[in-house]
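Engineer: Below are the chains, spelled out letter by letter.
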Amino acid sequence: MKRLLILGAGTAGTMMANHLRHQLPAKDWEIDIVDEREDHYYQPGFLFLPFDIYTPEDIIKPIREFIPAGVNLINEKINKIAADKNHVEMANGDQLTYDILIVATGAKIAPEEIEGMNGSEWHKSVFDFYTFEGALALRNKLRTWEGGKMVVHITEMPIKCPVAPLEFSFLADSFFKHKHMRDKVELTFVTPLSGAFTKPKATDALGHLLDEKKINLVSDFAIEKVDEENKKIVCYDGREVPFDLLVTVPTNKGDEVIGRSGLGDDLNFVPTNKATLQSKAYQNIFVIGDASNIPASKAGSVAHFEAEILTENITRYIKGEPLKEEFDGHANCFVETGGGKALLIDFNYTHEPVEGTFPFPGVGPLRLLKESRMNHMGKLAFRWIYWNMLLKGTHIPFVTAEMQEAGKHFN
Amino acid sequence: MEKVIAGKTVSVNDEGYMTDFKQWDKEIGLAIAQEQNINMTDRHWAVISYLQDEYKKEVPLSIRKIRNSNVVDIKEFYQLFPQGPLKTAAKIAGIPKPASCI
Numbered sequence: 007m008k009r010l011l012i013l014g015a016g017t018a019g020t021m022m023a024n025h026l027r028h029q030l031p032a033k034d035w036e037i038d039i040v041d042e043r044e045d046h047y048y049q050p051g052f053l054f055l056p057f058d059i060y061t062p063e064d065i066i067k068p069i070r071e072f073i074p075a076g077v078n079l080i081n082e083k084i085n086k087i088a089a090d091k092n093h094v095e096m097a098n099g100d101q102l103t104y105d106i107l108i109v110a111t112g113a114k115i116a117p118e119e120i121e122g123m124n125g126s127e128w129h130k131s132v133f134d135f136y137t138f139e140g141a142l143a144l145r146n147k148l149r150t151w152e153g154g155k156m157v158v159h160i161t162e163m164p165i166k167c168p169v170a171p172l173e174f175s176f177l178a179d180s181f182f183k184h185k186h187m188r189d190k191v192e193l194t195f196v197t198p199l200s201g202a203f204t205k206p207k208a209t210d211a212l213g214h215l216l217d218e219k220k221i222n223l224v225s226d227f228a229i230e231k232v233d234e235e236n237k238k239i240v241c242y243d244g245r246e247v248p249f250d251l252l253v254t255v256p257t258n259k260g261d262e263v264i265g266r267s268g269l270g271d272d273l274n275f276v277p278t279n280k281a282t283l284q285s286k287a288y289q290n291i292f293v294i295g296d297a298s299n300i301p302a303s304k305a306g307s308v309a310h311f312e313a314e315i316l317t318e319n320i321t322r323y324i325k326g327e328p329l330k331e332e333f334d335g336h337a338n339c340f341v342e343t344g345g346g347k348a349l350l351i352d353f354n355y356t357h358e359p360v361e362g363t364f365p366f367p368g369v370g371p372l373r374l375l376k377e378s379r380m381n382h383m384g385k386l387a388f389r390w391i392y393w394n395m396l397l398k399g400t401h402i403p404f405v406t407a408e409m410q411e412a413g414k415h416f417n
Numbered sequence: 321m322e323k324v325i326a327g328k329t330v331s332v333n334d335e336g337y338m339t340d341f342k343q344w345d346k347e348i349g350l351a352i353a354q355e356q357n358i359n360m361t362d363r364h365w366a367v368i369s370y371l372q373d374e375y376k377k378e379v380p381l382s383i384r385k386i387r388n389s390n391v392v393d394i395k396e397f398y399q400l401f402p403q404g405p406l407k408t409a410a411k412i413a414g415i416p417k418p419a420s421c422i
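In order, the protein sequences belong to chains A and B. Just so you know, the working numbering puts 277 at position 271 of the first sequence, and the rest follows in order with no gaps. Just so you know, the working numbering puts 350 at position 30 of the second sequence, and the rest follows in order with no gaps.
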């Protein structure tokens, strides 16, 4: 009996457990999945929780509900991966040996990377919305906040769901309008990049949104520290942005287990072949989702497309066949723009998001890179798809792992 | 689109960033630097080589990378390339500026 071990029962790990239990004969392969937590969070919901659009019940379910029969869920903390010995050391002293390891330990915020960020103002006037606790604390704050300077801020790239901070700004604009207090809020978007949009086609198509919504932009802002006392963020070049309410996306890092195991880069992301998803250091270790260092977006849709290719590659690896070098960085994301509208973007390593139709070339019904109510309905419907299809590894009809070029206006 | 820089025809995007790193050479880098009003010194070139090496390894550019580079500290980096040093240095190096997905 051989053992395949999956570390992390988030979006990517859970999908792999479901795919592989179908693929690998139970008489030959034991499959175990390890996660220290009991709850699975629908992370896209963290964007909606602060604005009272979703409730905690909408976005939390037990991990156990999504692990298929025939896969053991091990609810323990991991100490480290001993890759040279093909085993994982658990915090309780157990050793789990493996033939194949899938690392799906994700990414998480590290506010301690910036001086003053998670000090005395943390979750008082300085908030994140990339954790359940942060999003909930921000919801409670916004319920009674009377206005002032709201600053939405990205610390450094890469981050999970790179468009979420912009979506947050757009939803905040709608939220305050709806509460008849938009005139009491000065909304500013602060980014380390050269602008809110950085790709030429998206800049052309969407550049007007910030003006339209009266959101100020501060770009090329490399944060040095949060000045808690004077409530401002300070850039290395000396610029300062004052805030009453700072909504920041802290540095994102891979799990500390990766660092402790010596398997990561300086942000604890695992160096991974971007086309095959095999780790660069060990042939029997594969990496999926936010845990890897591949230059794709850190997003659930990316993990979904990766899962289809990784499943194939693991069966090939077991048979001793060459791996498929087919992962193209495909991502497909709904982007909330406020006022009950959203965009849809579809892109990969080599193609930036462009206008067009999706999923049927020339037909749609969804329009790419254009605001519409239908795209917003798509984003809301996606929560159902996530819980009922995506995690279970059910193929989403008409949406292929490799990005389609037909129906897109590249020129 | 194409542009003539230092007498050579190279591919660039709308913002003047080169789109084919293989076309880059030091004379082109120097000409782009002049457009940006930067007088290149050995220190500037040390940073440019570092960024190019990281780009070849597919490591994304960030201030953190600069801080941990042992080539230059953040203060000097801002002195060498004032105003948006990452995007300015990237342009001179013939590599894409740091970007998001849209």
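Please keep in mind that the hints were generated in silico from the structure rather than gathered at the bench. Some hints could be false.
Derived pair list, reagent style DMTMM-like, types lysine to aspartate or glutamate, alpha-carbon separation capped at 20 angstroms [said to hold, decoys possible]:
1. B/Lys-395 x A/Asp-45
2. B/Lys-395 x A/Asp-38
3. A/Lys-259 x A/Glu-218
4. B/Lys-385 x A/Glu-118
5. B/Lys-376 x A/Asp-272
Engineer: Against each hint, give a clear statement of whether it holds in the structure.
Structural biologist: Evaluation of the provided hints:
no.: 1; hint: B/Lys-395 x A/Asp-45; verdict: violated (44 angstroms)
no.: 2; hint: B/Lys-395 x A/Asp-38; verdict: violated (49 angstroms)
no.: 3; hint: A/Lys-259 x A/Glu-218; verdict: violated (34 angstroms)
no.: 4; hint: B/Lys-385 x A/Glu-118; verdict: holds (17 angstroms)
no.: 5; hint: B/Lys-376 x A/Asp-272; verdict: holds (18 angstroms)
In summary, the structure is inconsistent with hints 1, 2, 3 from the numbered list given earlier, while agreeing with the others.
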